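Chains as they are written, first to last, in my numbering: chain S, 72 to 225; chain Y, 73 to 755.
No lab work stands behind these hints: they were computed from the structure. Hints are supplied without guarantee of correctness; some may be wrong.
Stated by the list, open to error - The following residues of chain Y were derived to be distant from chain S, with all beta-carbon distances above 12 Å:
#	residue
1	Met73
2	Asp129
3	Pro412
4	Leu420
Unchecked claim - Stretch by stretch, here's where chain Y covers chain S in the computed footprint (C-beta under 8 Å, at least three residues):
#	segment
5	160 to 173
6	202 to 211
Said to hold, decoys possible - Which bits of chain S does chain Y cover? Going by a derived footprint, with three or more residues having C-beta under 8 Å, they are:
#	segment
7	106 to 116
8	120 to 130
The structure displayed is predicted, hence computed values, not measured ones. Where a beta carbon is used, it is the ideal one built from N, C-alpha and C, also for glycine.
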Amino acid sequence: MVHRIEREFSFVLNGKPVKVRAPPAYSLLEVLRYELRMTGTKEGCARGDCGECTVLIDGEPVHACLTAMTQVEGRRVTTIEGIDPGHPLVRAFVESGAVQCGHCTPGLIVASYALLSRNPRPTEEEVRDAIRGNLCRCTGYAKVVAAVLRAAGA
Amino acid sequence: MKDRPVLCDDKVRYIGDPVALVAAETREAASEAVRLIDVEYEPLPPVTDPVRAMMPDSPKVHEGGNVCRQTSLRFGDVEAAFAAADVVVEGTYTTGTQIHAFLETEAGISYLDEQGRIVVVAGGQSPHRDRAEIAHALDLPPERIRVITPYVGGAFGGKDDVSVQIHLALVTMKTGRAARLVLSREESMVSGTKRHPAVIRMRTAASRDGRLLANEVEIIYDTGAYAALGPAVLDVAIENCNGPYRIANAKIDAYLVYTNNMVASAFRGFGAPQVLFAMERQVDRIARKLGMDPIELRMINAVRKGDVYVFGNRMEGSVGIYDCLRAAREHPLWRERGRPVELEYPWLRRGIGVAAGMKGYTIGALPDRGSVSLELNPDGTVVVGGSFTEIGQGVVESVAQLAAELLRVPVERVRVLFADTERSPDTSVTSASRQVFLAGNALRRAVEALAERVKDLFEAETGKRPSSVSFTEEGAVVDSGRPVPLGELAERLEAKGLGRGVVGTYEVPKVEPIPGTLEIPHLFFMFGVTVAEVVVNVLTGSVTVPRVVSVVDAGRVINPLNFTGQIEGAVVQGLGFALMEDAKIADGYLLTRDLSTYLIPSSKDSPRIDVIPVETFEEEGPFGAKGIGEVGILSVAPAIANAIADACGVEPTSVPMTPEKVYWLLKEAGVVDKLKAGGEGHG
Numbered sequence: 072m073v074h075r076i077e078r079e080f081s082f083v084l085n086g087k088p089v090k091v092r093a094p095p096a097y098s099l100l101e102v103l104r105y106e107l108r109m110t111g112t113k114e115g116c117a118r119g120d121c122g123e124c125t126v127l128i129d130g131e132p133v134h135a136c137l138t139a140m141t142q143v144e145g146r147r148v149t150t151i152e153g154i155d156p157g158h159p160l161v162r163a164f165v166e167s168g169a170v171q172c173g174h175c176t177p178g179l180i181v182a183s184y185a186l187l188s189r190n191p192r193p194t195e196e197e198v199r200d201a202i203r204g205n206l207c208r209c210t211g212y213a214k215v216v217a218a219v220l221r222a223a224g225a
Numbered sequence: 073m074k075d076r077p078v079l080c081d082d083k084v085r086y087i088g089d090p091v092a093l094v095a096a097e098t099r100e101a102a103s104e105a106v107r108l109i110d111v112e113y114e115p116l117p118p119v120t121d122p123v124r125a126m127m128p129d130s131p132k133v134h135e136g137g138n139v140c141r142q143t144s145l146r147f148g149d150v151e152a153a154f155a156a157a158d159v160v161v162e163g164t165y166t167t168g169t170q171i172h173a174f175l176e177t178e179a180g181i182s183y184l185d186e187q188g189r190i191v192v193v194a195g196g197q198s199p200h201r202d203r204a205e206i207a208h209a210l211d212l213p214p215e216r217i218r219v220i221t222p223y224v225g226g227a228f229g230g231k232d233d234v235s236v237q238i239h240l241a242l243v244t245m246k247t248g249r250a251a252r253l254v255l256s257r258e259e260s261m262v263s264g265t266k267r268h269p270a271v272i273r274m275r276t277a278a279s280r281d282g283r284l285l286a287n288e289v290e291i292i293y294d295t296g297a298y299a300a301l302g303p304a305v306l307d308v309a310i311e312n313c314n315g316p317y318r319i320a321n322a323k324i325d326a327y328l329v330y331t332n333n334m335v336a337s338a339f340r341g342f343g344a345p346q347v348l349f350a351m352e353r354q355v356d357r358i359a360r361k362l363g364m365d366p367i368e369l370r371m372i373n374a375v376r377k378g379d380v381y382v383f384g385n386r387m388e389g390s391v392g393i394y395d396c397l398r399a400a401r402e403h404p405l406w407r408e409r410g411r412p413v414e415l416e417y418p419w420l421r422r423g424i425g426v427a428a429g430m431k432g433y434t435i436g437a438l439p440d441r442g443s444v445s446l447e448l449n450p451d452g453t454v455v456v457g458g459s460f461t462e463i464g465q466g467v468v469e470s471v472a473q474l475a476a477e478l479l480r481v482p483v484e485r486v487r488v489l490f491a492d493t494e495r496s497p498d499t500s501v502t503s504a505s506r507q508v509f510l511a512g513n514a515l516r517r518a519v520e521a522l523a524e525r526v527k528d529l530f531e532a533e534t535g536k537r538p539s540s541v542s543f544t545e546e547g548a549v550v551d552s553g554r555p556v557p558l559g560e561l562a563e564r565l566e567a568k569g570l571g572r573g574v575v576g577t578y579e580v581p582k583v584e585p586i587p588g589t590l591e592i593p594h595l596f597f598m599f600g601v602t603v604a605e606v607v608v609n610v611l612t613g614s615v616t617v618p619r620v621v622s623v624v625d626a627g628r629v630i631n632p633l634n635f636t637g638q639i640e641g642a643v644v645q646g647l648g649f650a651l652m653e654d655a656k657i658a659d660g661y662l663l664t665r666d667l668s669t670y671l672i673p674s675s676k677d678s679p680r681i682d683v684i685p686v687e688t689f690e691e692e693g694p695f696g697a698k699g700i701g702e703v704g705i706l707s708v709a710p711a712i713a714n715a716i717a718d719a720c721g722v723e724p725t726s727v728p729m730t731p732e733k734v735y736w737l738l739k740e741a742g743v744v745d746k747l748k749a750g751g752e753g754h755g
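Hey, can you work out the whole structure from these sequences and the hints?
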């Protein structure tokens with residue numbers, strides 16, 4: 072039997088304080104998905120290449136798969152579950168047809184949310200730059216970029 | 073062809089071959105157990121070059137030899153046509169191992185339900201076929217297995233074969249416990265199927281006035297360690313290797329070859345993009361030799377509805393290639409291609425290229441039928457069931473929309489039950505761009521069956537069989553009576569014990585196999601034309617694509633957002649195939665095992681895309697629609713290659729056209745030296 076070593080972590084998740092016991096080597100992504108069962112944040116590669124697991128820490132987008140739990144202690148984490156489904160950005164993704172298989176969508180919405188928070192009227196180039204680390208294999212990005220611009224115009 | 077073991081016995085044929093399966097309660101325990109497995113291998117000489125694999129003295133991957141399938145076809149008088157030709161162009165073209173790289177890797181869970189059935193919930197493209205594969209491999213009756221395919225995180229053909237399903241079922245069968253298997257990105261890239269890497273030799277003859285006279289083609293597709301869907305892929309390659317043109321004389325020799333490389337199978341385009349890269353490069357080179365406009369040349373040769381294609385199959389469905397070419401010619405990107413464009417640096421060259429494509433949709437001469445169920449509920453909602461899988465293409469939405477249209481109900485009142493062997497009838501595989509066509513037609517028949525059921529009801533109630541039933545916004549109108557709301561109909565059907573559900577079945581009209589040639593000729597084809605703008609950096613060989621126009625013969629467009637989304641996505645996958653998706657493989661080992669070494673297009677690589685539907689009306693399609701899932705990718709790579717030729721006067725022959733390859737082409741042609749000497753380019 073493999074013995075599991077755990078420790079406790081405290082942070083603010085989508086506005087609510089949480090305490091969670093997890094192996095200290097776990098990434099934030101593993102804790103979100105396996106310990107907290109918050110499966111909205113997806114795993115695409117677990118090594119920082121695809122951007123699927125993008126979450127916000129104190130408002131800044133990061134790869135949850137590359138974020139050690141020790142880095143999360145005491146900080147504010149926002150995941151896709153923390154963004155209101157009625158948010159103009161979410162509505163714009165649906166209305167623009169920016170979602171096909173949907174696996175990359177949570178990461179794209181979180182990355183775009185961070186962009187619009189600091190730059191409410193981005194240009195197309197600024198949108199493309201902000202999501203350059205979020206891979207999508209279905210859409211070819213055109214409708215994703217259109218959705219973010221549409222939300223910015225709303 | 074069943075040549076692939078679930079777990080290897082005494083021979084391992086490629087790096088992704090499974091040799092043992094570990095089930096554990098935690099990932100840590102599973103990793104520890106894997107570490108304790110000791111496998112003794114006796115290394116065999118690797119067979120990795122498909123051309124060498126075909127030689128008689130090559131080591132054999134399978135007992136029967138390395139040529140998995142071979143076809144030789146002859147039509148017309150090829151030699152006479154070449155003798156009479158004014159222009160002959162010859163080339164050898166290669167295309168690489170493209171990896172599907174769907175963002176959700178192969179994944180699933182399994183468990184025993186309360187009736188002792190093994191339930192497998194996994195990403196896939198065909199729940200009923202997956203169930204048959206599990207039953208066959210585990211020697212269980214199919215009724216003991218239930219396969220559910222929930223929303224799938226991308227597939228593109230890469231989930232057409234079984235992946236995790238049998239392994240999951242095996243663990244649950246052996247342990248009686250629930251199991252979960254999620255491939256890591258690396259496991260997915262190593263063990264998953266690929267697009268067939270290809271070597272294609274072509275010699276094409278044309279007359280001075282631009283008529284294509286003959287095509288001599290050799291096709292070699294490397295299927296890797298196992299056949300998978302390779303034989304069908306090779307057939308599609310053969311069927312489309314002459315492009316959408318009238319060519320009377322053809323000599324085609326095609327080989328599907330086993331190697332110790334990773335397994336190749338279905339990938340969007342299913343064998344067509346490779347041969348079309350070769351053919352569309354050939355056509356462009358002919359146009360240049362003749363001094364003709366490349367679109368004009370293609371229009372002169374374009375197939376028309378009713379034509380007998382080179383294999384003897386008559387083109388009976390809608391054939392929109394001529395209209396696509398005409399629309400491409402009218403597009404400003406093409407019309408204004410001669411206009412000088414100011415580029416940022418003197419070492420950049422701009423070019424515009426065009427290419428055409430075709431591919432059959434539905435599965436040809438194989439039995440191709442599907443059923444869809446339709447049920448009325450007393451609350452006025454409608455439930456549509458079918459085994460089509462939702463892989464991001466929007467089939468669930470499209471089917472709901474078709475049902476709403478046929479029954480005249482708001483789309484919110486339609487619920488779709490999909491891809492569950494227990495609850496949805498078999499609509500067969502979701503591949504070959506066939507599901508809207510198939511499910512749509514089956515649905516149409518289900519609505520006809522429902523109308524008959526309503527007549528049964530009225531006959532049972534009144535003793536007289538009505539002569540007509542139509543569906544309106546207010547409900548079903550029987551003869552000229554008052555409209556009966558669907559909810560009320562459901563109650564009355566229930567009261568008479570007639571059943572609220574019906575099933576519609578559609579069988580695709582099929583062409584017979586052409587003896588000695590195509591095993592699965594198609595009756596229905598999609599067509600498209602791509603125009604691409606490239607900017608080539610002469611100093612680095614890197615190519616960017618600012619703009620693409622994709623003109624598609626889509627039949628009638630059912631859902632404009634889904635349609636443009638499918639085409640845009642396919643164009644960008646085609647761009648990845650054309651320029652950047654470079655799987656490095658050495659002795660059968662994949663070196664590029666992650667998304668930072670195997671690069672797929674990002675938001676910064678994707679061009680501005682204009683999607684232009686040429687809406688021909690497909691008589692056989694639901695509301696005139698055709699398949700659209702694959703057409704967008706078919707001619708992207710040759711259009712980009714032709715644009716590079718236009719920009720720099722070099723002739724790319726190898727996909728992906730990486731900066732290294734393009735740089736050496738430019739170097740060999742003296743373009744680089746000329747620039748360094750301060751000469752002016754022609755771009």
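Can you list which hints this structure breaks, lowest number first? none
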